[in-house]
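Each protein sequence line maps, in turn, to chains A and B.
For what it's worth, this note's numbering labels the leading residue of the first sequence as 1, then goes sequentially.
For what it's worth, this note's numbering labels the leading residue of the second sequence as 1, then goes sequentially.
Treat the hints as calculated values from the structure; they're not laboratory data.
It cannot be assumed that every hint is accurate.
Claimed, not checked - SDA-like cross-link-like pairs, simulated, lysine to any residue; straight-line CA separation at most 20 Å:
{"hint": "1", "chain 1": "A", "residue 1": "Lys53", "chain 2": "B", "residue 2": "Ile150"}
{"hint": "2", "chain 1": "A", "residue 1": "Lys108", "chain 2": "B", "residue 2": "Asn168"}
{"hint": "3", "chain 1": "A", "residue 1": "Lys53", "chain 2": "B", "residue 2": "Met35"}
Said to hold, decoys possible - Here are the in silico distance ranges between beta carbons for each label pair:
{"hint": "4", "chain 1": "A", "residue 1": "Asp8", "chain 2": "B", "residue 2": "Tyr154", "range": "32 to 42 Å"}
{"hint": "5", "chain 1": "B", "residue 1": "Ala341", "chain 2": "A", "residue 2": "Ser72", "range": "38 to 48 Å"}
{"hint": "6", "chain 1": "A", "residue 1": "Asp8", "chain 2": "B", "residue 2": "Val153", "range": "38 to 48 Å"}
{"hint": "7", "chain 1": "B", "residue 1": "Gln174", "chain 2": "A", "residue 2": "Asn67", "range": "49 to 59 Å"}
Predicted, not measured: the structure shown is a model, and the values here were computed from it.
Each residue gets a CB set at the ideal place from its N, CA and C atoms; glycine is no exception.
Chain residues, written in single-letter form:
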Amino acid sequence: MAPILEIDNLTVSFDGFKALNELNFSMEEGELRTIIGPNGAGKTTFLDVITGKVQPTEGEVRFKGRNLKSLSEDKIARFGVGRKFQTPRVYLNLTPRENLEIACNRNKNVFASLFKPVSSGEKLTVKGLLETIGLVAKSEIKAGLLSHGEKQWLEIGMLVAQSPDLLLVDEPVAGLTDEETVLTGDLLLSLAQSHSIVVIEHDMEFVRQIATTVTVLHQGSRLCEGSMDDVQNDPRVIEVYLGEKPTISDRQMKMLRIVSSMAWADGSIAPEEAEVILSRLSGLFAEDAEQQQHLREELRNYLAQDVSIEN
Amino acid sequence: MTVETPTVTTKRSSKSQKRLLVEGAIIVALGLFLMFAMPAILSGFRLKLLGRFLSLAIVALGIDLIWGYTGLLSLGHGIFFALGGYAFAMHLKLQLPEGEIPEFFGLYGVKELPWFWEPFYSFPFTLIALVIIPTIVAGLLGYLVFRNRIRGVYFSILTQAALLVFFNFFNGQQELINGTNGLKTDTETIFGVLASSDEAQLTFFRITVLALILAYILCRWLTNGRFGRLLIAIRDDETRLRFTGYNPTGFKVLVFAISGGIAGIAGALYTVQSGIITPNIMEVAFSIEMVIWVAVGGRGTLIGAILGTLIVRYAQTLLSEEFPEVWLFFQGALFLIVVTALPDGIIGWMRDRAKNQIRALIGKPQRVSTYPQLEQNPEVEREREELDRPIDS
């Protein structure tokens, strides 16, 4: 099957600053892909380029095999790319029903919008969507009165109403309660059955809930790609997230983390005990006293970072 | 739930049909009253004044369409207003015996009628031109501005700059359109009747009322359905709309062009009821005043635009008759009051806040608004029933 989205050697520079640097990316149709990366990694620019808000400096973006260069945002949207913004953006002075009807409209030129009433098929779609996003009871009040979470869902609903082939979702759970986060995850998973979806997210718990394949961006390039577990144990990912390169090999690091997390697991170790475990563990791998000291500090820092370690 | 929803929709649509019917009846009654009762009540001078204000209300409708609904603050509607006015005035100026050209050309030594005057001999052409020319000018200006995604304050500044360009151009062209002196229509005839005669003025007044009603219906139609909601969407979040797959440029150009055309009609009717049109109609202050009428009445409400115009204009007449010096101060104060105390204008205030504020004044508790759908929410109903049941049994 041909990839739905292909990105070759994409570079975007703003006055010399490269927000994206020779990025390569590809995803299959029907895939749910999560993109993570520290602040400033170029995640939002990545979406901007796909949706036509920003033009690539070099390289190209192909969607369904077609180069998107020099297509305007609205054309790309009609071509099948839907985007959800970081903060919920719905039309506050319209009701949820009207919001959805606007997104649902099949013929989006001026005169069709002027002369054609909303078709019964569209009304049916809107009704179904209102039920899916749980806003039936509030379908006739202004969207400005909805809660933050409801607005997020309404925007996802609008995205679906557009019936795109590819959904780009930028931080869908920012500012949501835990319960809403889980519901949003379920919603995205059910959507993934019939759409290709790219999700950008910071919340690792949430990523774990939905992720199949994760792509890590760093300084505008792809750092690595793989399952959530692979990615979390990749030393380069640990480095960019924690800011320091481990001095020991991957396997050693993994062992250390497993052992130390076991030791930490019950949470009832006295500080002295912890010191002993740390110094013994580090002594096992270090070759001299200085390295042992360093390794001990490093280990302590990793543990203090509260990165979840499962394998 | 699936059974209930359709009944709710049909109820709502029949209710809105009923409201539409009531609105139509009110408009017809008001229109008939204005057209036939007012001439009997008011003196000739007062009637002319009302006619002029009503024609200004037409341009206010156009401003409301582009500003109140679409969120584009145009400070250059004087252009379209003047274009309509000039088109009609030129036709009146050409009511001459064969071979003669309007008198003022003699002052500047012009012997031949300028080419662009020729088509204005024809009355049907003039009628079309006074709508189409402003529409095209607005459409072109709009296309250039909106295609380049110029928005907000920059749009306002550009329209004002365009206004100044037109103002200076019309002022400077003595040989073409009599420059600063403008075109006087008072002394001309239309269909053999003197334009300033009571008979002609009464007809102009009735046509103005009719034009206002038609403009209202047009705006109502535009703002009511899906198109109207799209205008609001453009106003509230244009970028979102773009990413939903709409190109806002076409919508904005169309609305701006319609708004310009409406202003053209208003300008023509205003001119014949004032007796003269000069480039002064394109002064910056006048175009800003148009915006103030809409702001006072309530932007985003069509009735507000009409009401605002009448209120501000009558206040102006009243005050400048009694205390000629005070008007400008009053106008400034009015604008400040609207911005600070009534941000949604008079109609907006009546719609949203008046009830509660009046209740508060007479010492009654305020009504708390809640989600109206709570009553219709089947889940709530079911819960209520379940709560009631144990008590009954």
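Task: Unmet hints by their number, sorted upward, for this structure - done: Hint check: 2, 3 fail, others pass.
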